[in-house]
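Taking the hints into account, I'd like the entire structure generated from these sequences.
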Amino acid sequence: MRRIRLLAVGLCAALLLGACGDDSSSDAGGSEPGGSGAAFEGEIRIGTSQPLTGAFGGGSGDNPLIAGFEQAVKDVNASGGIEVDGKKLKLELVVRDNKSDANLMAQQVRSLHLEDKVVAQVGPPSSFGFQAIPIVNSLKIPTVMAGLPVDLFPSGKDGYWYASYLQSKDIAPQLLEFVSTYPVAKKVAVIANNDPTSQGFAKGFKAAAQTAGFEVVAEALLPPGTTDFSKVISDAKSKGAELVSVQLSPTDCPPLLKQMKALEYRPKVFSAALCGLVPSWPQQGKLADGAIASLVWHPDIPGLPDAKRLAEAFAAAPNNVSRMASVTGYQAVQILADALKRAASTDPEKVNAALAATDGDFVLGPVKFDADHKNVVKPYQGQWQNGEIVPVYPKDAAGKHEFVYPYAGLA
Amino acid sequence: MEPEVLVAGVLAGGLYALVALGLSLGIGVLRLVNIAHGEVIVGGAYAAYAVIERTGWDPLVAMPIAMLAMAAVAYPIQRFLLHDMVMNGPQAALVATFGLAFLGQAFFLGVFEADPRVLPASYAASGADVLGVRVQLSYVVTFVVASLVTVATHLVLSHTRAGAAVRAAAADPHTAEVLGIDVRQVYALTFAATAAIAAAGGVMAGVTQSFGPSSGIGLLLSGFAVVALAGIGRVGPTFVGGLLIGVLQSVAVSWFGGGYREVVVYLAFFLALAIRPTGLLSRGVTA
Amino acid sequence: MTRTRTRRDLALLAVVGAAALALGGALDAFRLDLAVTLLVYMVVAQAWNILGGFGGLASLGAGAFVGTGAYAMALLLIHTGAPWPVALVCSGAAAGVLALVLAVPLLRMRGAYFAVGTLAAAIVLQSLAVNWQWAGGSSGLTLPLDEVPVGLPLYRAAVLLAVLTFGAALYTRDSRFGLRLRSARDDEHAAAGLGVAVFPHHVAALVGSSILLGMAGTVVSLQNLSMTPGSVFGLLWGLDAILMVVVGGVATVMGPVVGVLVVYYGLTKQLDDHATLALVLQGVALVGIVRFAPAGVWPFVVRGWHAVWDRLPVTRAGAAR
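Going down the list, the protein sequences come from chains A, B and C.
Counting in this note's numbering, the first sequence runs from 60 upward without gaps.
Counting in this note's numbering, the second sequence runs from 779 upward without gaps.
Counting in this note's numbering, the third sequence runs from 331 upward without gaps.
Careful, some of the hints might be misleading.
[What the hints assert, rightly or not] So the derived label-pair ranges between C-beta atoms look like this:
1) B/Thr-833 / C/Val-480: 57 to 65 angstroms
2) B/Pro-781 / C/Val-416: 22 to 30 angstroms
3) A/Gly-299 / C/Phe-529: 55 to 63 angstroms
4) B/Ser-925 / C/Trp-462: 33 to 41 angstroms
5) B/Pro-781 / C/Gln-463: 30 to 38 angstroms
6) C/Trp-462 / B/Leu-784: 23 to 31 angstroms
7) A/Lys-459 / B/Gly-1035: 41 to 49 angstroms
8) C/Val-614 / B/Gly-1035: 42 to 50 angstroms
9) B/Ser-900 / A/Arg-325: 17 to 25 angstroms
[To be verified] To give an idea of the interface, some chain B residues facing chain A are shown, with a C-beta separation under 10 angstroms as derived from the structure:
10) Leu-881
11) Val-896
12) Gly-910
[Unchecked claim] Facing chain B, from chain C, some residues (calculated, C-beta under 7 angstroms):
13) Thr-334
14) Val-345
15) Val-346
16) Ala-442
17) Val-592
18) Gly-613
Simulated from the structure, these hints should not be mistaken for laboratory data.
Think of the CB as a built atom: it goes at the ideal place given N, C-alpha and C, for glycine as much as any other residue.
Shown next as structure tokens:
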């Protein structure tokens, strides 16, 4: 018995010291993009920890964010890769599935850096992004966050992470300004989840509503997974709220809409900040028609570089919300690649300095990080019409698209 | 407290009762804590989805098909895999169902993708006025389905030979075997029945809410909450327990605001277990 | 179950622990970090094993104590100037106090009810943390970076914690306390009839296990540098603990070690970018292990070892076991 125990302990030590360390360095799970004939003399790797399965899972198959990362990697390699010390290196992306578990996400952010030796990372999405920050700063990992409202982040000053996206506090004023041009009573109902992102949104919305002269007559802060909204619906209905601002997870909105219809609450405008921005929104059928969500990109919006080419690259996506997610992912990798090119080095300090000095036009518009390492991207208001989202405000972005008023889904 | 809150809670409880009944019978009869119970429920929803996509039928019409499908999947799993494991102690089978839960999620993810789905029904978003209170028709339908299933299960267990065999095998499998009851068969059929009940719950969850590959765990936890309140393996108390949970949630949200929805339920559930470990509504027989 | 065996195993533990501490200097940042991760899982698994394997009380609520330890650590570091080793011990104590409080309601339950009861405790704590704005609410807490140990000191703390945990497991396996605890597990009524004070033994197992879980939680918080209610109180801790122990071998001291390695390397790590495939393989592996090696991988390995070793002519002569 003792011999086995000694053997087992010895095996563990051997595993730890030797064998286990090297194997995963070689499996670059993400993409193998084909550089068009460019001869590469090595690789430079970036990594990301994403929830491919579990509660936030998109699956590795059709995940639009990852499709965006991979397209950007492809484009970078097609134009010659990244040059470091005179050598042309192929950009490689390592993707890890954190199964929607925050602990696994933290482990992966660390192991991508320590074991896979990726030079920089794209941050994990949603609330995980916030949790990755202390690790990224502690281990000095240059990181670009993808797709989270920048004002919900703390200051990134003197840190190693950067964020370029819309500001949640720009959305509410824009929406309210827009809504005010229609005969809507200035009474609003706010329904949100109690996780940090949704709460942040809700707070910003309420503040903006007050400034714009709207009265918040009903509100609710509910845990994700709620299916019974009857209290807030009856409050909103009895107090005559004609604008509803919803910041709920995608699984919570279908029961909300069904209950609103059943309880005969018919707001004139329905804004779905988080749940309206998932590609599966139209699956609810008629109920989903007319919801407003904020866009940062759309193929029909003038002034966005490369919009048509990207729309074609992501043509297989079910709708423009999916394409927008891909373009958001594309931006993150694009910014990283641009910094790597300017740094021409894999040294984290040089990459970090290059990121801080970013100043150019990227797929979501101009990017120049301020002292807090944030760049604000311009939002637009979009509306779901017949299963596809179209821009409706500001007018110059909307082009030929018209806002359908009042909310068709519950009529 | 407004009557709407109470009524909405009771109706929502119907779904909880349906979700919990299969889990409770599994633990009570088979001594199996089925970690994959949530996946069975979601499987029922997906099965109905697959049928509805092709035929356009109402979910209630697709329900028997979904129930049969999940029962057909569950039967061999219990008969050929789990039965022998349970004999090795409860933990082995629990871990096996854990593995099955992963397989279930993988199947849903692979075949149906990760997007949340709903089961379309003409009454999904309709309301009705019942005794002056406005209610959601889909929850009324769920409540009716839950009641019917509960009554049917109770009648089968208490008034049929098969039911007697199940109760015998649950109480003392060895003696039952000696008396000529094929315990393996009885257990397998019971497990299949719990899967069918779960599938019915899945279909109604699909109509009233949305579901995705990883919706299982939330449903499993709701089931546990009811089992704790009601005691294991008792049909009537499980139904009442479900309604109680529904009302507790409704009241919690109404009085304390949304954030306390979970706290109140689980606190009640914990206290219930502490005061009466075999379940508030059971007759005190130790498990 | 002899004294010499216990002495040998304790000596082995001491040697391994000392070697691990000494070895730390030779490991690079990645391996130090990996070692800490694995050691934390081993502590959690072994702590579960003490209560569930030896004590017979299978818990699903490890998260309640892991989370308490993590939050206590974070709050102590943020609001007091306490040095982290002090905070670590205090946080473990906090988890122990929680266990003492919960012992009264929890230990009225057995079997599936106990499991569900511990789960309820974890969920209640998680919901309370979500609503507790002073402790960060749903956003959770971030540790002050300058007061947190990185690399070697953290590794050493993890090694010491693991040695403590394994020592506790050895004690539970070989002592009279452990004998009584296991007798209560095997047949509570008979044990009580023979004069075993069941309740105090259960309380001791619960509190001891919880203190270890709480300290594991502090190490998790030091590694991850931030936490949310979901990440530290969640159900996953309880499920992972059961998984690792059952796969490795319940009620054995080596079981959790093997279980952690098998689950971490065989199931979690390898396929993290092929989502669906990973789930399939994990499910198949779990079902397979439980079907063919129901007592766990470690006893399976031991049996296999004996089957081979004892048949070799050179050892047969000396096999005076």
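Going down the list of hints, with the structure as the test:
no. : hint                                       : in the structure
1   : B/Thr-833 / C/Val-480: 57 to 65 angstroms  : 60 angstroms, holds
2   : B/Pro-781 / C/Val-416: 22 to 30 angstroms  : 56 angstroms, violated
3   : A/Gly-299 / C/Phe-529: 55 to 63 angstroms  : 60 angstroms, holds
4   : B/Ser-925 / C/Trp-462: 33 to 41 angstroms  : 39 angstroms, holds
5   : B/Pro-781 / C/Gln-463: 30 to 38 angstroms  : 33 angstroms, holds
6   : C/Trp-462 / B/Leu-784: 23 to 31 angstroms  : 29 angstroms, holds
7   : A/Lys-459 / B/Gly-1035: 41 to 49 angstroms : 44 angstroms, holds
8   : C/Val-614 / B/Gly-1035: 42 to 50 angstroms : 44 angstroms, holds
9   : B/Ser-900 / A/Arg-325: 17 to 25 angstroms  : 19 angstroms, holds
10  : Leu-881                                    : 13 angstroms, violated
11  : Val-896                                    : 5 angstroms, holds
12  : Gly-910                                    : 14 angstroms, violated
13  : Thr-334                                    : 30 angstroms, violated
14  : Val-345                                    : 32 angstroms, violated
15  : Val-346                                    : 28 angstroms, violated
16  : Ala-442                                    : 5 angstroms, holds
17  : Val-592                                    : 12 angstroms, violated
18  : Gly-613                                    : 3 angstroms, holds
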